[in-house]
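Please assemble the complex out of the two chains, which come individually in their own frames, going by the hints.
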Amino acid sequence: MEYIIIIISAVFVNNIVLAQFLGICPFIGVSNKIPTALGMSGAVLFVITLATIVTWLVQVYVLNPLGIQFLQTIAFILIIAGLVQMVEIILKKLSPGLYSALGVFLPLITTNCAVLGVAILTIQKDFNLIHGVVFAIANSLGFGFALVLFAGIREHIEIMEVPEGMKGVPIALVTAGILALAFMGFSGLV
Amino acid sequence: MNQIQNFTKGLLKENPILVQVLGTCPTLGVTTSAFNGLGMGLATTFVLTMSNIVISLVRDFIPDKVRIPAFIVIIASFVTVVELVMQGFLPALYEQLGLFIPLIVVNCIVLGRAEAFASKNKPFSSMIDGLGMGFGFALALTVLGSIREFLGSGAVFNVKIIPGDLMLVFILAPGAFIALGYLIAITRKLKDHI
Numbered sequence: 000m001e002y003i004i005i006i007i008s009a010v011f012v013n014n015i016v017l018a019q020f021l022g023i024c025p026f027i028g029v030s031n032k033i034p035t036a037l038g039m040s041g042a043v044l045f046v047i048t049l050a051t052i053v054t055w056l057v058q059v060y061v062l063n064p065l066g067i068q069f070l071q072t073i074a075f076i077l078i079i080a081g082l083v084q085m086v087e088i089i090l091k092k093l094s095p096g097l098y099s100a101l102g103v104f105l106p107l108i109t110t111n112c113a114v115l116g117v118a119i120l121t122i123q124k125d126f127n128l129i130h131g132v133v134f135a136i137a138n139s140l141g142f143g144f145a146l147v148l149f150a151g152i153r154e155h156i157e158i159m160e161v162p163e164g165m166k167g168v169p170i171a172l173v174t175a176g177i178l179a180l181a182f183m184g185f186s187g188l189v
Numbered sequence: 000m001n002q003i004q005n006f007t008k009g010l011l012k013e014n015p016i017l018v019q020v021l022g023t024c025p026t027l028g029v030t031t032s033a034f035n036g037l038g039m040g041l042a043t044t045f046v047l048t049m050s051n052i053v054i055s056l057v058r059d060f061i062p063d064k065v066r067i068p069a070f071i072v073i074i075a076s077f078v079t080v081v082e083l084v085m086q087g088f089l090p091a092l093y094e095q096l097g098l099f100i101p102l103i104v105v106n107c108i109v110l111g112r113a114e115a116f117a118s119k120n121k122p123f124s125s126m127i128d129g130l131g132m133g134f135g136f137a138l139a140l141t142v143l144g145s146i147r148e149f150l151g152s153g154a155v156f157n158v159k160i161i162p163g164d165l166m167l168v169f170i171l172a173p174g175a176f177i178a179l180g181y182l183i184a185i186t187r188k189l190k191d192h193i
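Taken in order, these protein sequences are the chains called A and B.
The numbering of the first sequence is numbering that gives the first Met the number 0, which starts it at 0 and goes up by one.
The numbering of the second sequence is numbering that gives the first Met the number 0, which starts it at 0 and goes up by one.
Since the hints were made in silico from the structure, they are not lab data.
These figures come from a predicted structure and were not determined experimentally.
For every residue, glycine included, the Cβ atom is placed at its ideal position computed from N, Cα and C.
Any given hint could turn out to be false.
[What the hints assert, rightly or not] SDA-like, lysine to any residue: derived pairs with alpha carbons at most 20 angstroms apart:
1) A:Lys166 <-> B:Tyr181
2) B:Lys64 <-> A:Ala80
3) B:Lys8 <-> B:Leu189
4) B:Lys8 <-> B:Thr79
5) B:Lys12 <-> A:Gly167
6) A:Lys166 <-> B:Ile185
[As the list claims (entries may be wrong)] Quick list of simulated restraints, FRET-style, between CB atoms:
7) B:Met166 <-> A:Leu56: 44 to 50 angstroms
8) B:Asn1 <-> A:Gly167: 31 to 37 angstroms
9) A:Ile4 <-> B:Asn1: 57 to 63 angstroms
10) B:Ile160 <-> A:Ile158: 38 to 44 angstroms
11) A:Asp125 <-> B:Leu56: 50 to 56 angstroms
12) A:Lys124 <-> B:Glu13: 37 to 43 angstroms
13) A:Glu154 <-> B:Ala115: 47 to 53 angstroms
14) B:Glu114 <-> A:Pro95: 25 to 31 angstroms
15) A:Lys166 <-> B:Ile160: 30 to 36 angstroms
16) A:Leu56 <-> B:Pro62: 26 to 32 angstroms
17) A:His155 <-> B:Glu13: 27 to 33 angstroms
[What the hints assert, rightly or not] Output of the computed footprint for chain A on chain B, the stretches with three or more beta carbons under 8 angstroms from beta carbons of chain A:
18) 74 to 88
19) 92 to 105
20) 166 to 175
Extracted from the complex, chain B is given alone in its bound form (with noise of 0.2 angstroms):
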């Protein structure tokens, strides 16, 4: 496989929550607005692609029967460093996000690609992987956000589109879980057609 289709499955083929359905936790929690969503897509994308690369650097130094512990380190420490920068460059973004930070160590896409990617490749193409994947996965939570901030309040990235409140409730909960399904079954359609 090429570098390219690498980078590219992630972005739909293989998109970790539109296909895989994997890290469901942040991206409804989170996905109130398109920024919230993107800040915790990159703030993902950055702990998988350099836990992918540290993994993908040490894959032949772990014994095999302690390598998910062993993974699991080396993620939480990515995300500590995640924590803490988001505390003093965007305290704004982090008191929104919230609870979801430091549950980056537990999405199931991040030990999902270490596992089934980065443990048996080269470190430039976990890399890439990591990117593509981490792309991905900002991508889908940019545009739950964004359907999410539109139908709820009119607006996308606080920009007012339609004046006054729509449907309010889909900011709240039950909007989440419905958008997403939805959101889904159209990814569904549109990849049959590419």
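For reference, chain A alone in the conformation it holds in the complex (with noise of 0.2 angstroms):
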């Protein structure tokens, strides 16, 4: 039952893009055709979730030991910018179809703060591994859902007129503004 509530709330009620404006970089960047926001997600999934469990391990057996919580943001950025490019070299020997697929994301992933965010709030949330995985695959199953349906929208206001100076950004933040306010009606579901 926990694990379903920490599901419905990271994807519907906290959104980690709409509510707790994490990743909106990519959010606003890659979401002008649905397959490429597909391919973003993908990628998102796969490196929140490893971030995650390997933060995690850091933080408990070597930060927390030693006394150098402080040290975290610096040991976290380092692991997911470490973790971003081995994925990259791994997916490129192992399984070059996915790589083709998820490849040009990689590397626009370390600067997402969606990965670093979800790390941190899993150890500040002090949920355990398992907790911190179904945490950490909820949020990316909520950036996903909200990358994808701001695709669906902003493939219509292509085809729209739009006036001069509301072009290209303005719109869309309009735009992720109304999709928030549509979002702010599960408030209260958990």
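Given below as structure tokens:
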């Protein structure tokens, strides 16, 4: 039951993009087409889950016993940067098909604040490893859900007549605002 | 380019948020009030300026291939400094900004200036560039924070201007997106006239 609550809370109520403002850059940047949005979501799911597991282990078995929690930011960002690099190399070797689908998104993910954000939130919320993994997967699903929805809307905006000054980013932001408004209807669900 | 131009370009012409649209996550996340926006802006200015200086100083010693990880470590160190100082001296603000303080590390503006400017220029110009970009970021955050705080609660910097609550939605998540969208559109219009 608690897993279901974590999932519903992360996907709908506290959606990582629309309610917590994490990962806005890729949300605005790569949401022009549904296929690219799906590719990005896949890459994010993969990296966030992996990063959360590794950073949780490092926090609990290295930082906490040594009493150096203040190094959390430096340690986590290094782990994530290294991990992204490693995933890229391994995918290239083992699964060229998957690599060609996700490859272009991987370098962008190091600076996606959703990855570092979820890793830090997992520690802040005092989750155990399994809760942390469920939390990470749920948040990536929330990210993908918002991204694909948004891409669908933007495909329609592209053929609409938008005032000159609002073209591009401004209209995208206003659209995101309305989408966030819709998501507010889920609050109180959990 | 002289140093004055170098400083002022970040304020409007190349404003990191309103023109380049970088670092949107903290922009939307912390601007629930003018004070929070200003606090976040100044924290980022500090990180940006210090990391620009240090990166510029070591730019000749870092091999090209490992420069990005090296930059990230330098930036992360200054973020940790900000985190500890703020926790010690401004606990209320630290509580408010929460997760977004460690996330300065992945703010695209900081790494972007390191890569685009500090890794190619002398320390002094890099410092000016960092200050200019940082103040531009702080300015945009403060303006957005003031607009949201005013529309949401009728106050600016906690000073009540209109009694009672106005449109609460502007303090919540949707208002952040909508206010920033219109602010960018207005900036585009203004930029054409200057």
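Verification of the hints:
no.: 1; hint: A:Lys166 <-> B:Tyr181; verdict: holds (11 angstroms)
no.: 2; hint: B:Lys64 <-> A:Ala80; verdict: holds (14 angstroms)
no.: 3; hint: B:Lys8 <-> B:Leu189; verdict: holds (15 angstroms)
no.: 4; hint: B:Lys8 <-> B:Thr79; verdict: violated (28 angstroms)
no.: 5; hint: B:Lys12 <-> A:Gly167; verdict: holds (18 angstroms)
no.: 6; hint: A:Lys166 <-> B:Ile185; verdict: holds (12 angstroms)
no.: 7; hint: B:Met166 <-> A:Leu56: 44 to 50 angstroms; verdict: holds (45 angstroms)
no.: 8; hint: B:Asn1 <-> A:Gly167: 31 to 37 angstroms; verdict: holds (32 angstroms)
no.: 9; hint: A:Ile4 <-> B:Asn1: 57 to 63 angstroms; verdict: holds (59 angstroms)
no.: 10; hint: B:Ile160 <-> A:Ile158: 38 to 44 angstroms; verdict: holds (42 angstroms)
no.: 11; hint: A:Asp125 <-> B:Leu56: 50 to 56 angstroms; verdict: violated (40 angstroms)
no.: 12; hint: A:Lys124 <-> B:Glu13: 37 to 43 angstroms; verdict: holds (38 angstroms)
no.: 13; hint: A:Glu154 <-> B:Ala115: 47 to 53 angstroms; verdict: violated (32 angstroms)
no.: 14; hint: B:Glu114 <-> A:Pro95: 25 to 31 angstroms; verdict: holds (29 angstroms)
no.: 15; hint: A:Lys166 <-> B:Ile160: 30 to 36 angstroms; verdict: holds (33 angstroms)
no.: 16; hint: A:Leu56 <-> B:Pro62: 26 to 32 angstroms; verdict: holds (30 angstroms)
no.: 17; hint: A:His155 <-> B:Glu13: 27 to 33 angstroms; verdict: holds (32 angstroms)
no.: 18; hint: 74 to 88; verdict: holds (count 6)
no.: 19; hint: 92 to 105; verdict: holds (count 5)
no.: 20; hint: 166 to 175; verdict: holds (count 6)
Figure legend: structure checked against the earlier numbered hints; hints not met, in rising order: 4, 11 and 13.
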